[in-house]
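Given the coordinates of chain A, assemble chains B, C and D onto it according to the supplied hints.
This is what each chain is made of:
Number of protein chains: 4
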Amino acid sequence: MMMIKVVLNFKTYAEATGKAALELSRICEEAKDQYDVEMVVVPQTADIHLISENVSIPVYAQHVDGVGFGGYTGSITAASIKAAGARGALINHSERRLKLAEIEASLSACRAEGLSTIVCTNNIATTGAAAALKPDYVAVEPPELIGSGIPVSKADPEVISGSVEAVKKIEPEVGVLCGAGISRGEDLKAALELGSVGVLLASGIIKAEDQKKALEELLSGIRG
Amino acid sequence: MMMIKVVLNFKTYAEATGKAALELSRICEEAKDQYDVEMVVVPQTADIHLISENVSIPVYAQHVDGVGFGGYTGSITAASIKAAGARGALINHSERRLKLAEIEASLSACRAEGLSTIVCTNNIATTGAAAALKPDYVAVEPPELIGSGIPVSKADPEVISGSVEAVKKIEPEVGVLCGAGISRGEDLKAALELGSVGVLLASGIIKAEDQKKALEELLSGIRG
Amino acid sequence: MMMIKVVLNFKTYAEATGKAALELSRICEEAKDQYDVEMVVVPQTADIHLISENVSIPVYAQHVDGVGFGGYTGSITAASIKAAGARGALINHSERRLKLAEIEASLSACRAEGLSTIVCTNNIATTGAAAALKPDYVAVEPPELIGSGIPVSKADPEVISGSVEAVKKIEPEVGVLCGAGISRGEDLKAALELGSVGVLLASGIIKAEDQKKALEELLSGIRG
Amino acid sequence: MMMIKVVLNFKTYAEATGKAALELSRICEEAKDQYDVEMVVVPQTADIHLISENVSIPVYAQHVDGVGFGGYTGSITAASIKAAGARGALINHSERRLKLAEIEASLSACRAEGLSTIVCTNNIATTGAAAALKPDYVAVEPPELIGSGIPVSKADPEVISGSVEAVKKIEPEVGVLCGAGISRGEDLKAALELGSVGVLLASGIIKAEDQKKALEELLSGIRG
Chain A
-15 MMMIKVVLNF KTYAEATGKA ALELSRICEE AKDQYDVEMV VVPQTADIHL ISENVSIPVY
45 AQHVDGVGFG GYTGSITAAS IKAAGARGAL INHSERRLKL AEIEASLSAC RAEGLSTIVC
105 TNNIATTGAA AALKPDYVAV EPPELIGSGI PVSKADPEVI SGSVEAVKKI EPEVGVLCGA
165 GISRGEDLKA ALELGSVGVL LASGIIKAED QKKALEELLS GIRG
Chain B
-15 MMMIKVVLNF KTYAEATGKA ALELSRICEE AKDQYDVEMV VVPQTADIHL ISENVSIPVY
45 AQHVDGVGFG GYTGSITAAS IKAAGARGAL INHSERRLKL AEIEASLSAC RAEGLSTIVC
105 TNNIATTGAA AALKPDYVAV EPPELIGSGI PVSKADPEVI SGSVEAVKKI EPEVGVLCGA
165 GISRGEDLKA ALELGSVGVL LASGIIKAED QKKALEELLS GIRG
Chain C
-15 MMMIKVVLNF KTYAEATGKA ALELSRICEE AKDQYDVEMV VVPQTADIHL ISENVSIPVY
45 AQHVDGVGFG GYTGSITAAS IKAAGARGAL INHSERRLKL AEIEASLSAC RAEGLSTIVC
105 TNNIATTGAA AALKPDYVAV EPPELIGSGI PVSKADPEVI SGSVEAVKKI EPEVGVLCGA
165 GISRGEDLKA ALELGSVGVL LASGIIKAED QKKALEELLS GIRG
Chain D
-15 MMMIKVVLNF KTYAEATGKA ALELSRICEE AKDQYDVEMV VVPQTADIHL ISENVSIPVY
45 AQHVDGVGFG GYTGSITAAS IKAAGARGAL INHSERRLKL AEIEASLSAC RAEGLSTIVC
105 TNNIATTGAA AALKPDYVAV EPPELIGSGI PVSKADPEVI SGSVEAVKKI EPEVGVLCGA
165 GISRGEDLKA ALELGSVGVL LASGIIKAED QKKALEELLS GIRG
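Residue numbers (my numbering), protein chains in the order written: chain A, -15 to 208; chain B, -15 to 208; chain C, -15 to 208; chain D, -15 to 208.
Some clues are possibly wrong.
Note that identical chains are pooled: a pair holds if it fits in a single copy or bridges any two copies.
Straight-line alpha carbon distances no greater than 25 Å define the calculated SDA-like cross-link-like pairs of lysine to any residue that follow [what the hints assert, rightly or not]:
no.	residue 1	residue 2
1	138	55
2	197	42
3	83	96
4	118	107
5	173	78
6	3	52
7	191	97
8	3	51
9	196	53
10	3	97
11	3	170
12	196	63
13	138	196
In case anyone wonders, no lab produced these hints; they're calculated from the structure.
Isolated chain A, as found in the complex:
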């Protein structure tokens, strides 16, 4: 059985920037040892080096541009995040949407550096399109539910099951992650039952009064 993938996007939250980002990463590392999951942290680009030097769990970038070496001032290249210790990247997050050709170029750049890839999408149609580009994962997140606290697995379960189906038809090797509004154990459980192989988390954990407790409560859903 494939291990469940739990991806925590730090966004640009104060509670997950600089030293706070390192502390949160350590909480995730501990949780990973307690629960039988693949735990991934996704800090801001400037925090990748500090975190990957200090924790053993995989660190992903929040964004990678589809450009290589050269005159691309301000871009985030696959080579630079790899050098800083990243092992993968989110691509096309709803807060950092990319052009279709850029998604493809970013995927190629990540593959060339041996980085894992998660392409974020907003509905069933774009999930199918993203799957055709053969990332390792697609993470479907209806934008209106992001940061809402309303789990997609409850508000719109068809978008998950429909995405799983679309991916199966177009590129069955691609795993489907489920995002948007996931914060409790039961949400995670429901997401897995709908056919996803993991979840993409953010505010539900990061903005929690007690991040550690919130993460453990969520992960306990796996055993439920």
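Below, chains B, C and D alone, put in the same frame as chain A:
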């Protein structure tokens, strides 16, 4: 007398990524001790932490988004680069142009974090507009000369003197840097004579067969 | 005395698209004859030709790209809107923000075709920057008030008076228009008293139950 | 047998703007009567109304934004181009690339207005992704060949046959058009033999000394 500012933009060149970026920063640090200049290195975002931990000269980011803490996945925030050790940033480089409102928001974000700011512009008119936003510096670079090896101080000296004049009229506290095609000591000297207070360098040094030698040859122009 | 400029942005409202756009333009034409104002209509690009063929008041485009003749598929060029009958354009509206260099290029393209220009801005700082580029007008609109029904002249009068002052300092030939939330005669009157030379309107008129009545009520404020 | 689709993109060429756009459309209309093809003209948005009032062949827009009625100043909506007489649209042309979610939204908007859709792509991978979104057509154009005069059917035939294959696997109802560098009858013939159902043309015809002759020479390839 104000110290001459020499800013080296690493772009995403292979010769200035990861470990190579650190080595190049050390070369800059040594050069700074030899010549009476303010030397600034501008690596990729993922390299800021490694470099600022290991060299004493100022490290700037290549780009800062005009957003703060929150749901801004993939953005490069002023707080994150500050936490990683940066002391300033380029904004609106010709390879990473921003909307007018974004430039203003990015400047505000940098000021709130105590970061120095250099807004890049492409001609006299945009230099005047940028100066009105009160960055610490504007760096004027005619895009067609970037990476050309043809120094702007020779190809289009009026763009520098005209920029100096426009800034003097609108916001005289702002310093003018001169970019595009600068690689030799005589280019630097000419740029200073036209009224700029420093230079923005890139490929002329980074792609040089011997980076150290190229930088020293350039800096020797100050004494000329 | 300069004539007061009243600019009605049709946005992409159903009530101002296609035939409805033509009808609304005719209402504006009639209102112009009744009140001593310069009345401008700003329909969608595809509606410019139909409207300019049928009304005598100036028709402006909502956006112009800073490109000329050539390989720029999908761009809106100054030459094309001129050929369709437009006499001016909004540039950098808050719903269609442009990069600084693009604003400058768009202004140049409009000037070359003899088109009037209104650059939209979001605060005092960007108003000053836009004025430095020498458009015919800047229209300052705090984004949070657009479509709110809360007139900027009441919610944030300092942004208008401060913009008027900034423009006077940097480029006094540029006229300041006042936008965001303007819908009644008293709002218009207040805007003029704060130093603006006209207003940029939209939803307050277009979404009104009776567009003609709403426009007349607003214009009656001039005589107040 | 399906009729061959010949689509002429006017871009923003001077030779295809305003009155010249109407003349060129009339040339296309005549050619259509002579040859057994479906001939489509794709003028700038501001020229759609003039042309669709005066010719009977289908007029497409060069770009449609994925937004509807509302506060979207400067956008090109499906409803507005429909009202102006358009019957379809290019989406995601290499000179006007869109984000993945925007392509999907633009397709939905066009479908809701009964407009035909051609999504442009740059390689086999993005062609597959675009096909998953179910446009009427995809037009594959390697960017480096656009405007080059070197026909894709000769320089890179695998990109066409590979695209045809990818589409067949993912969404066989979608037709594949072939673009980039097509200007002669033999190029068109080769494109059809590789499995495409038509071509997307531009500079090869528009910049020709004699547009009419160039178009006829090209269309004669069908009978070859």
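The hints, checked one at a time:
Only between protomers do residue 138 and residue 55 lie at most 25 Å apart by alpha-carbon distance; the minimum there is 22 Å, versus 46 Å within a single protomer. In this homomeric assembly, residue 197 and residue 42 come within 25 Å of each other (Cα to Cα) only inside a single copy, at 21 Å, whereas the closest approach across copies is 40 Å. Proximity of residue 83 and residue 96 under a CA criterion of 25 Å is satisfied in both settings, with 20 Å inside one chain copy and 23 Å between copies. For a Cα distance limit of 25 Å, the shortest separation of residue 118 from residue 107 qualifies both inside one copy, at 17 Å, and across copies, at 14 Å.
For a Cα distance limit of 25 Å, the shortest separation of residue 173 from residue 78 inside one copy, 24 Å, qualifies, whereas the shortest one across copies, 42 Å, does not. Taking the closest pair of Cα atoms, residue 3 and residue 52 come within 25 Å of each other only across two copies (17 Å); inside a single copy the shortest separation is 30 Å, beyond that limit. In the homo-oligomer, the alpha carbons of residue 191 and residue 97 lie at most 25 Å apart only across protomers (22 Å), although the nearest pairing inside one protomer, at 33 Å, exceeds that limit. Within a single copy, residue 3 and residue 51 get their C-alpha atoms only as close as 30 Å, which misses the 25 Å cut-off; across copies the closest is 20 Å, which meets it.
Within a single copy, residue 196 and residue 53 get their C-alpha atoms only as close as 39 Å, which misses the 25 Å cut-off; across copies the closest is 21 Å, which meets it. Taking the closest pair of Cα atoms, residue 3 and residue 97 come within 25 Å of each other only across two copies (16 Å); inside a single copy the shortest separation is 28 Å, beyond that limit. Taking the shortest alpha-carbon separations for residue 3 and residue 170, neither the intra-copy value of 31 Å nor the inter-copy value of 45 Å comes in at or below 25 Å. Proximity of residue 196 and residue 63 under a CA criterion of 25 Å is satisfied inter-copy only: 24 Å between copies versus 32 Å inside one chain copy.
When the C-alpha separation of residue 138 and residue 196 is checked against a cutoff of 25 Å, the pair qualifies only within one copy, where the shortest distance is 24 Å, while the shortest distance between copies is 47 Å.
In the structure shown, a violation is registered for the earlier hint numbered 11 alone.
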